[in-house]
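Trainee: Here is how the chains run, residue by residue.
There are 2 protein chains.
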Amino acid sequence: MRGRDVILGILNRSPRTGYEINDILKNQLTYFYDGTMGMIYPTLRKLEAEGKIKKETIIQDGKPNKNVYTITSSGKQEFNDYMQSKVSPESIKSDFLLRLYFGESILSDDQVIKLIDQEITRKQQQLNSIKDNADRWKEKGMQRLQNITLSYGINYYQSALKFLQHIRSQL
Amino acid sequence: MRGRDVILGILNRSPRTGYEINDILKNQLTYFYDGTMGMIYPTLRKLEAEGKIKKETIIQDGKPNKNVYTITSSGKQEFNDYMQSKVSPESIKSDFLLRLYFGESILSDDQVIKLIDQEITRKQQQLNSIKDNADRWKEKGMQRLQNITLSYGINYYQSALKFLQHIRSQL
DNA sequence: TAGACCATGTAACCCGTTACATGATTAG
DNA sequence: CTAATCATGTAACGGGTTACATGGTCTA
Chain A
1 MRGRDVILGI
11 LNRSPRTGYE
21 INDILKNQLT
31 YFYDGTMGMI
41 YPTLRKLEAE
51 GKIKKETIIQ
61 DGKPNKNVYT
71 ITSSGKQEFN
81 DYMQSKVSPE
91 SIKSDFLLRL
101 YFGESILSDD
111 QVIKLIDQEI
121 TRKQQQLNSI
131 KDNADRWKEK
141 GMQRLQNITL
151 SYGINYYQSA
161 LKFLQHIRSQ
171 L
Chain B
1 MRGRDVILGI
11 LNRSPRTGYE
21 INDILKNQLT
31 YFYDGTMGMI
41 YPTLRKLEAE
51 GKIKKETIIQ
61 DGKPNKNVYT
71 ITSSGKQEFN
81 DYMQSKVSPE
91 SIKSDFLLRL
101 YFGESILSDD
111 QVIKLIDQEI
121 TRKQQQLNSI
131 KDNADRWKEK
141 GMQRLQNITL
151 SYGINYYQSA
161 LKFLQHIRSQ
171 L
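Protein sequence lines, in the order shown, are assigned to chains A and B.
Under this note's numbering, the first residue of the first sequence carries the number 1, and numbering increases by one thereafter.
Under this note's numbering, the first residue of the second sequence carries the number 1, and numbering increases by one thereafter.
Any given hint could be a false lead.
Said to hold, decoys possible - Each pair of labels, with its calculated beta carbon distance range:
1) Glu50(A) x Ser169(B): 36 to 44 Å
2) Lys138(A) x Ser73(B): 55 to 63 Å
3) Asn147(A) x Glu139(B): 42 to 50 Å
4) Tyr41(B) x Asp110(A): 35 to 43 Å
5) Lys138(B) x Thr121(A): 30 to 38 Å
Unchecked claim - Derived lysine to aspartate or glutamate pairs resembling DMTMM-like cross-links, with alpha carbons at most 20 Å apart:
6) Lys114(B) x Asp81(A)
7) Lys114(A) x Glu104(A)
8) Lys140(B) x Glu20(B)
9) Lys131(B) x Asp34(B)
10) Lys93(A) x Asp23(B)
11) Lys55(A) x Glu104(B)
12) Lys86(B) x Glu104(A)
13) Lys140(A) x Asp23(A)
14) Lys123(A) x Glu90(B)
15) Lys140(B) x Glu104(A)
16) Lys66(A) x Asp81(A)
17) Lys131(B) x Glu90(A)
18) Lys76(B) x Asp5(B)
19) Lys54(A) x Glu78(A)
20) Lys55(A) x Glu20(A)
21) Lys93(A) x Asp34(B)
22) Lys86(B) x Asp117(A)
23) Lys131(A) x Glu90(B)
24) Lys86(B) x Asp34(A)
25) Lys114(A) x Glu90(B)
26) Lys26(A) x Glu90(B)
27) Lys63(A) x Asp23(A)
28) Lys114(B) x Glu90(A)
29) Lys86(A) x Asp34(B)
30) Lys86(B) x Asp110(A)
31) Lys123(B) x Asp34(B)
32) Lys86(A) x Glu104(B)
33) Lys114(A) x Asp81(B)
34) Lys93(A) x Glu104(B)
Hint data in this document are derived by calculation from the structure and do not stem from the laboratory.
No residue lacks a Cβ here, since even glycine has one placed at the ideal position from N, Cα and C.
Please construct the entire structure, taking both the sequences and the accompanying hints into account.
Mentor: In structure tokens, the structure reads:
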């Protein structure tokens with residue numbers, strides 16, 4: 001699972017600009033793929049050089065020009081190969097948990113509480129954000145399997161929050 | 001949160017060999033940091049070159065020699081700086097969810113079921129593995145904050161499993 | 001008038017992965 | 001006799017991040 005698989009998958013649905021891809025990553029894939037703007041353009045460039053996607057420049061009035069990318073048959077081939085390949089295991093990086101792990105006798109009680117409160121706030125914001133977005137997404141048409149990924153995300157944030165609030169109340 | 005922070009944090013507790021560091025990553029940090037053997041040695045090498053850690057070679061009989069690494073005061077400084085720095089947001093990469101997201105009209109029903117069943121199996125194994133390990137860890141001495149990270153992990157796997165089993169039963 | 005949104009890209013760098021390379025002891 | 005455990009490293013590569021670079025429109 002590399003950035004190119006994600007981008008190819010998005011373009012496999014419909015042609016998009018780099019900006020739109022960023023939007024999808026931020027709003028629909030947040031809790032299972034963290035791709036940044038800085039990764040999108042270099043990847044699009046490579047994919048284009050390899051002939052996996054095609055660029056079409058659209059001149060706009062009053063707005064910057066946009067480059068719309070379309071997947072080619074060779075790109076579709078690569079995406080299909082990816083979809084049939086072995087699923088790679090999930091990978092999580094939680095700086096929050098790492099600090100708790102190392103925190104004993106390094107962080108003061110106040111610092112620990114602050115750490116947990118901050119994490120609760122972050123998770124709460126993320127939960128709100130995917131919930132807000134879900135409505136717009138549903139209007140534009142959400143597929144059955146995509147709806148499962150959304151519920152997965154909501155369930156994930158909710159259970160993490162419940163746990164964090166529980167331990168918070170115990171100290 | 002980079003590999004070096006993790007290694008520095010482990011060595012800040014007590015001197016270790018690369019092999020022992022790997023063991024800790026695999027057994028205690030699995031669900032919030034995915035570091036591989038291939039990352040440990042290069043990082044140890046860099047840290048040593050920078051004077052953040054010191055190597056001491058211990059000649060063993062009947063076993064390969066081992067290199068025990070100890071943190072230096074400059075290494076401690078870097079680790080403390082890390083612990084006081086801003087917490088970076090969690091990042092998750094789930095190939096499983098990505099495939100569900102793209103799966104509509106590409107994967108057959110059978111393939112979707114297989115995907116979910118495989119994920120259930122993986123999560124089940126990870127849960128069993130951290131539970132098994134927790135007993136040994138507790139015997140060797142587990143700190144209060146570390147116990148929170150362990151519970152977090154168990155809670156995470158259990159709620160993911162519950163969700164997956166629920167959607168599995170609905171199709 | 002400040003901030004958000006639209007919109008794109010490159011060069012240099014860094015971190016980590018992969019592939020390559022070795023080998024003895026111990027438990028089942 | 002086979003697999004697991006102990007034990008370490010390097011060279012080359014790749015993917016992604018960071019810093020740098022630009023600028024108009026629209027909304028509060």
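Trainee: Would you mind marking each hint as holding or not holding in the structure?
Mentor: Verification of the hints:
1. For the pair Glu50(A) and Ser169(B), the beta carbons lie near 42 Å from each other, so the given range of 36 to 44 Å is met.
2. The beta-carbon spacing between Lys138(A) and Ser73(B), approximately 57 Å, falls within the hinted interval of 55 to 63 Å.
3. Distance hint check: the CB atoms of Asn147(A) and Glu139(B) are about 45 Å apart, consistent with the given range 42 to 50 Å.
4. Taking the beta carbon of each, Tyr41(B) and Asp110(A) are about 38 Å apart, inside 35 to 43 Å as hinted.
5. Taking the beta carbon of each, Lys138(B) and Thr121(A) are about 31 Å apart, inside 30 to 38 Å as hinted.
6. Annotation: proposed proximity of Lys114(B) to Asp81(A) holds, straight-line Cα distance about 17 Å (limit 20 Å).
7. Straight-line distance between C-alpha atoms of Lys114(A) and Glu104(A) comes to about 14 Å, which keeps the hinted pair within the 20 Å bound.
8. With a C-alpha separation of about 14 Å, the suggested pair Lys140(B) and Glu20(B) falls inside the 20 Å cut-off, and the hint holds.
9. The hinted pair formed by Lys131(B) and Asp34(B) meets the criterion: a straight-line CA distance of about 18 Å does not exceed 20 Å.
10. Annotation: proposed proximity of Lys93(A) to Asp23(B) holds, straight-line Cα distance about 18 Å (limit 20 Å).
11. Taking the CA atoms of Lys55(A) and Glu104(B), the gap is near 26 Å; set against the 20 Å cutoff, the hint is violated.
12. Note on Lys86(B) and Glu104(A): the hinted pairing holds, with a Cα-Cα distance of about 18 Å set against a maximum of 20 Å.
13. In summary, the hint linking Lys140(A) to Asp23(A) is supported, as the alpha carbons are separated by about 14 Å, within the 20 Å threshold.
14. Between Lys123(A) and Glu90(B) the CA atoms are separated by roughly 10 Å; this keeps the pair inside 20 Å, and the hint holds.
15. Distance restraint check for Lys140(B) and Glu104(A): the Cα-Cα separation of roughly 16 Å lies within the 20 Å cut-off, and the hinted pair is therefore satisfied.
16. Note on Lys66(A) and Asp81(A): the hinted pairing is violated, with a Cα-Cα distance of about 29 Å set against a maximum of 20 Å.
17. Proposed proximity of Lys131(B) and Glu90(A) is supported: the alpha carbons are some 19 Å apart, at most 20 Å.
18. For a cut-off of 20 Å, the pair hint linking Lys76(B) to Asp5(B) stands: about 10 Å separates their Cα positions.
19. For a cut-off of 20 Å, the pair hint linking Lys54(A) to Glu78(A) stands: about 15 Å separates their Cα positions.
20. At roughly 14 Å between alpha-carbon atoms, Lys55(A) and Glu20(A) fall within 20 Å of each other, so this suggested pair holds.
21. Taking the CA atoms of Lys93(A) and Asp34(B), the gap is near 7 Å; set against the 20 Å cutoff, the hint holds.
22. Using a Cα cut-off of 20 Å, the hinted pair Lys86(B) and Asp117(A) holds, with the two alpha carbons roughly 14 Å apart.
23. For a cut-off of 20 Å, the pair hint linking Lys131(A) to Glu90(B) stands: about 19 Å separates their Cα positions.
24. As the CA atoms of Lys86(B) and Asp34(A) are separated by approximately 18 Å, the hinted pair is consistent with the 20 Å bound.
25. The hinted pair formed by Lys114(A) and Glu90(B) meets the criterion: a straight-line CA distance of about 17 Å does not exceed 20 Å.
26. Note on Lys26(A) and Glu90(B): the hinted pairing holds, with a Cα-Cα distance of about 14 Å set against a maximum of 20 Å.
27. At most 20 Å may separate the alpha-carbon atoms for a hinted pair to count; Lys63(A) and Asp23(A) meet this at roughly 18 Å.
28. For the hint linking Lys114(B) to Glu90(A), the alpha-carbon distance of about 17 Å falls within 20 Å, and the restraint holds.
29. Restraint check for Lys86(A) and Asp34(B): the C-alpha separation of about 19 Å stays at or below 20 Å, so the hint holds.
30. In summary, the hint linking Lys86(B) to Asp110(A) is supported, as the alpha carbons are separated by about 16 Å, within the 20 Å threshold.
31. With a C-alpha separation of about 15 Å, the suggested pair Lys123(B) and Asp34(B) falls inside the 20 Å cut-off, and the hint holds.
32. Taking the CA atoms of Lys86(A) and Glu104(B), the gap is near 18 Å; set against the 20 Å cutoff, the hint holds.
33. Taken as a hint, the Lys114(A) and Asp81(B) pair is honoured in the structure, with Cα atoms around 17 Å apart against an allowance of 20 Å.
34. About 28 Å separates the Cα atoms of Lys93(A) and Glu104(B), which puts this hinted pair outside 20 Å; it is violated.
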